[in-house]
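First to last, the protein sequences are chains A and B. Each residue of the first sequence is one higher than the last, beginning at 1 in my numbering. Each residue of the second sequence is one higher than the last, beginning at 1001 in my numbering.
Incorrect hints may appear among the rest.
Within a straight-line C-alpha distance of at most 27 angstroms, the following computed DSS-like cross-link-like pairs (lysine-lysine) qualify [claimed, not checked]:
no.: 1; chain 1: A; residue 1: K43; chain 2: B; residue 2: K1048
no.: 2; chain 1: A; residue 1: K37; chain 2: B; residue 2: K1249
no.: 3; chain 1: B; residue 1: K1022; chain 2: B; residue 2: K1098
no.: 4; chain 1: B; residue 1: K1156; chain 2: B; residue 2: K1249
no.: 5; chain 1: B; residue 1: K1098; chain 2: B; residue 2: K1209
no.: 6; chain 1: A; residue 1: K126; chain 2: A; residue 2: K150
no.: 7; chain 1: A; residue 1: K43; chain 2: A; residue 2: K87
no.: 8; chain 1: B; residue 1: K1174; chain 2: B; residue 2: K1098
no.: 9; chain 1: A; residue 1: K87; chain 2: A; residue 2: K106
no.: 10; chain 1: B; residue 1: K1174; chain 2: B; residue 2: K1156
no.: 11; chain 1: B; residue 1: K1048; chain 2: B; residue 2: K1022
no.: 12; chain 1: B; residue 1: K1128; chain 2: B; residue 2: K1156
no.: 13; chain 1: A; residue 1: K43; chain 2: B; residue 2: K1098
no.: 14; chain 1: B; residue 1: K1192; chain 2: B; residue 2: K1156
no.: 15; chain 1: A; residue 1: K43; chain 2: B; residue 2: K1209
no.: 16; chain 1: A; residue 1: K37; chain 2: B; residue 2: K1048
no.: 17; chain 1: B; residue 1: K1098; chain 2: B; residue 2: K1048
no.: 18; chain 1: A; residue 1: K37; chain 2: B; residue 2: K1192
no.: 19; chain 1: B; residue 1: K1209; chain 2: B; residue 2: K1192
no.: 20; chain 1: A; residue 1: K150; chain 2: B; residue 2: K1022
no.: 21; chain 1: B; residue 1: K1192; chain 2: B; residue 2: K1249
If you're looking for bench data, these hints aren't it; they were derived computationally from the structure.
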Amino acid sequence: MINALRAGAYGIPFMPVGGMWGSDLVSIRPEFFQVMKSPFDGKDVVCVRALVPDYAIVHVQEADAFGNARILGPSYQDALLTRAARKTILTTERIVGTYRLREEPKLTAVPHFLVEAVVELPGGAKPGICYPEYQTVDWDDFRAYQRAVKEDGVPQFAERMLEGRA
Amino acid sequence: MEYGRDYGKPEMMAAAMIREIKEEDVVFHGLASPTPMVAMKAAKALGKEFTYVTLSDGVDHEWTRPPCVASTLTANTYEGSVAAFGLDSIFDLFCSGKGDIAFLSCLQIDKEGRIAMSVLGGDYDHPKLRGPGGAGSATLTQVTPRTIIWKTTHDKRAFVGHVDFATTSPAVDKWFTVITPLCIFRKPPGEKYLRLDALFPYTTLEEVKENTGWEVEEGDAPVLEPPLPEELAAIRRVDVNNILAFEFK
């Protein structure tokens, strides 16, 4: 998946990946996995098709109004997602002044020109974790979310989570 | 050391994991992995010099602060790190041959070490149970010199005769180890099947056979030494909230 997103971000149609031998996933998803020979040494290599999501929706701790964003906790593949997607929507714990990003440009994980919209949404990762703002899963809400998914009640769940905040 | 009084299955599994880690190893554990997390923290407490990487981005985090929840993705495995090294970088590291151990788990496993993480029963698009997916294991088992599968239940539902859909399977040329509450199975490089490598002190070959869905060969697998006092002390020091017990409830 990471290499598929990389291929999307690099603008190339597919990408060779390490490992993957011995997985039945390769044969069951020919539209995503293919085996080809390296043109350089003839060795077999597994390839994944590029992924270009229409949207990446990424929650960050700090962003300015233009979409320059800092990820203060673990970043996973969030920055890569914004490179691979056609458009990115940021949700952020808080809007900060652009001066804050100018203080340490290397800490900006997502630059504004990749971002379509910024939504100020404190607590936007709940009931999950957003380090260091809230550091444990809220299990009651998490179970309520699971129930909502099973019972087709996600809009009602979202309404409850967002009540009084719109 | 007496089983049931001084230590139980969680401590034995953790001790077995600690002993797998060698000096200068680069060691990874995945999501929701409290057992290897506690073992790796305890190995740090014992003074083993190795590198600890995981999905939190943390590298050699401050292990002296005990975890409070069984999630291995909290600030606990991140704060005090000397570097932030994300999951994509970890995959690259192992793919380029610079990793040593990956602690991974599974829903089911068979004698060839074929692992089910994606689906159980039915076909791929309509399974009886859809699992969490391979995440890293399909990549990592093929490129990791010593893959270690940990599984906190040892029964015929998990240790089966044949895995129908393998999320991944061992690399022929690499070590592949399975640590259970009863024993250790191992596949050395060049071999195809898991063999009984060691029994834990409180079990027997018969009990392992009764709970394993493939034929466990008769052999002279040694009995592993119980957790040493210093291993138990290290486990308790890093895990005052007994997160280790979580997977065994």
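Verification of the supplied hints:
no. : hint                  : in the structure
1   : K43(A) <-> K1048(B)   : 38 angstroms, violated
2   : K37(A) <-> K1249(B)   : 48 angstroms, violated
3   : K1022(B) <-> K1098(B) : 14 angstroms, holds
4   : K1156(B) <-> K1249(B) : 19 angstroms, holds
5   : K1098(B) <-> K1209(B) : 37 angstroms, violated
6   : K126(A) <-> K150(A)   : 19 angstroms, holds
7   : K43(A) <-> K87(A)     : 37 angstroms, violated
8   : K1174(B) <-> K1098(B) : 14 angstroms, holds
9   : K87(A) <-> K106(A)    : 22 angstroms, holds
10  : K1174(B) <-> K1156(B) : 26 angstroms, holds
11  : K1048(B) <-> K1022(B) : 7 angstroms, holds
12  : K1128(B) <-> K1156(B) : 18 angstroms, holds
13  : K43(A) <-> K1098(B)   : 21 angstroms, holds
14  : K1192(B) <-> K1156(B) : 21 angstroms, holds
15  : K43(A) <-> K1209(B)   : 41 angstroms, violated
16  : K37(A) <-> K1048(B)   : 42 angstroms, violated
17  : K1098(B) <-> K1048(B) : 18 angstroms, holds
18  : K37(A) <-> K1192(B)   : 25 angstroms, holds
19  : K1209(B) <-> K1192(B) : 19 angstroms, holds
20  : K150(A) <-> K1022(B)  : 45 angstroms, violated
21  : K1192(B) <-> K1249(B) : 33 angstroms, violated
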